[in-house]
Amino acid sequence: MVTVWDYLPYILEGVWWTLGLVGGGLLLGFAIGLPLAVAQVYGNRILKGLVEVYAWFFRSVPLLVLLFLFYWGIFPALGYKLDPLTCSILVLGFRSGGYQSQIFRGAMQSISEGQFIAARTLGMSNSQAIRHIILPQTLRIAIPGWANEYAIILKDSAICFVLGVMEILTRTRYVVMATLEPLLPYFIAGGLFILLTYGGTKLVNIVYEKTRIPGLIGRM
Amino acid sequence: MSSDIVLKVEDLHKSYGNIPVLKGISFEVRRGETKIICGPSGSGKSTLLRCLNLITKPDKGRIWLEGEEITDRNVNINKVRQRIGFVFQEFNLFNHLTALRNVSIGLEVVKKMDKNEARRIALEMLRKVGLEEHAHKYPAELSGGQKQRVAIARALAMNPAIIFYDEPTSALDPQLIGEVLEVMKALAREKVTSIVVTHEMGFAQSVGDEILFMYDGKIIEQGPPLQIIQNPKCEQTRRFFQRIHELYARENK
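Top line first, the protein sequences correspond to chains U and B.
Counting in this note's numbering, the first sequence runs from 5 upward without gaps.
Counting in this note's numbering, the second sequence runs from 6 upward without gaps.
If you are wondering where the hints come from, they were derived from the structure by calculation, not from laboratory data.
Computed from a predicted model, the values in this text were never measured in an experiment.
Using N, Cα and C, we set each Cβ at its ideal position, and we do this for glycine too.
Incorrect hints may have been included.
As the list claims (entries may be wrong) - Stretches of chain B that chain U covers, calculated by requiring three or more beta carbons in the stretch to come under 8 Å of a beta carbon on chain U: (1) 38–47; (2) 109–115.
Said to hold, decoys possible - As a list, the in silico DSS-like pairs of lysine-lysine whose alpha-carbon atoms are at most 27 Å apart: (3) K133(B) / K214(U); (4) K65(B) / K120(B); (5) K133(B) / K190(B); (6) K117(B) / K133(B); (7) K142(B) / K214(U); (8) K142(B) / K13(B); (9) K65(B) / K13(B); (10) K116(B) / K84(B); (11) K52(U) / K62(B).
To be verified - Over the 12 Å line for every Cβ pair with chain B, so calculated as not near, a few chain U residues: (12) L89; (13) R124; (14) L139; (15) T142.
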């Protein structure tokens, strides 16, 4: 008789898909969120407004709705037929960009304005001051918030099962259907998410410690 | 214009909303001079300094730096600011950089200087303010007095035509003020041109060439430090220095 354990490698393979969703979503979210934060803090009124609308939209609509909206609605309407994985990564990334923009904005605003003015008095342009003085400190301050974002997007990635992405939950459900045994497979899936959350958060904490600025406690 | 005039200001005005802060400021700073600006809080001293390097845009008036009009629309303000050092009350060091990098970053980023050359100059400037052995410490590891000396080195490294000090000792504990004033005095004696907003009258008397006394957005009295401090003509000036004397007498008891 085939048991749940025979399917374990099949479920484990889903870890790579989950990590793909999370990694892709986080990276895209970073690429979107950081410029948005700069625009929101240092941009003109129009830019600030646009960023606010963007962050507000992606933080207000449920992920499930976003997935359906983009997969069945927006991308086909634009003439793209995307595979579930690509579409899911894009949606997770767009959404995370909204959240990450607010993480980076908060970090940026906690840096004293005097440092920016000091950079300008040295003769730095706006963009030089942002790049050399503000961003290095922003990224460092944002690490704990970013670790939180990792944990959230990791857990949210399970929702992508609705598009049939072959991540942990999708595979687990197939195993449940094949074995008619729900308890153990879902326990395994839950355990995998715990391990991934724990491992990822640990990793980010190591980076946080490594980038510690001597003598500096708390805020910049 | 005579070439030994480093900074010339003509009829400078600035308002915040409906509230006028500067109401027509004019003066000149000659090469090697140390100009002291004092006056009660709210008289417009800090706003004046910020207007002079255009961190705050003046509403009206003209400013020349070494003969070049910097209030002209076509002037590249980033180029102008390289030639004006600025030392802040709150130091404003870059928290993520060592003392050495705080001093060298302007040379590296703004003057596009080779990294090693920039750091050699930075180390030299730190030696000048007596902080060579602290070059690799971060701002959070330094005392207030040390931070301010790094900030002075940072301004000096750019080899500016003039340095502005905006109440450089006001945020310091009394026992740390001396080390900063010593550095500033040494620079003044080397004839580094500067404008110093300060209430340190000992400093003003020992190295100041002239005091500009500001009151309500105007320079109401100016002259040699000793004369202004001990024998002012205006009632407001007299009252101001009287209050400062009383304050120091109380502290020294």
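For this session: Could you work out which earlier hints the structure fails to respect and list their numbers in ascending sequence?
Result: Numbers 1, 3, 4, 8, 13, 14, 15 - these are the hints that the structure violates, sorted from lowest upward.
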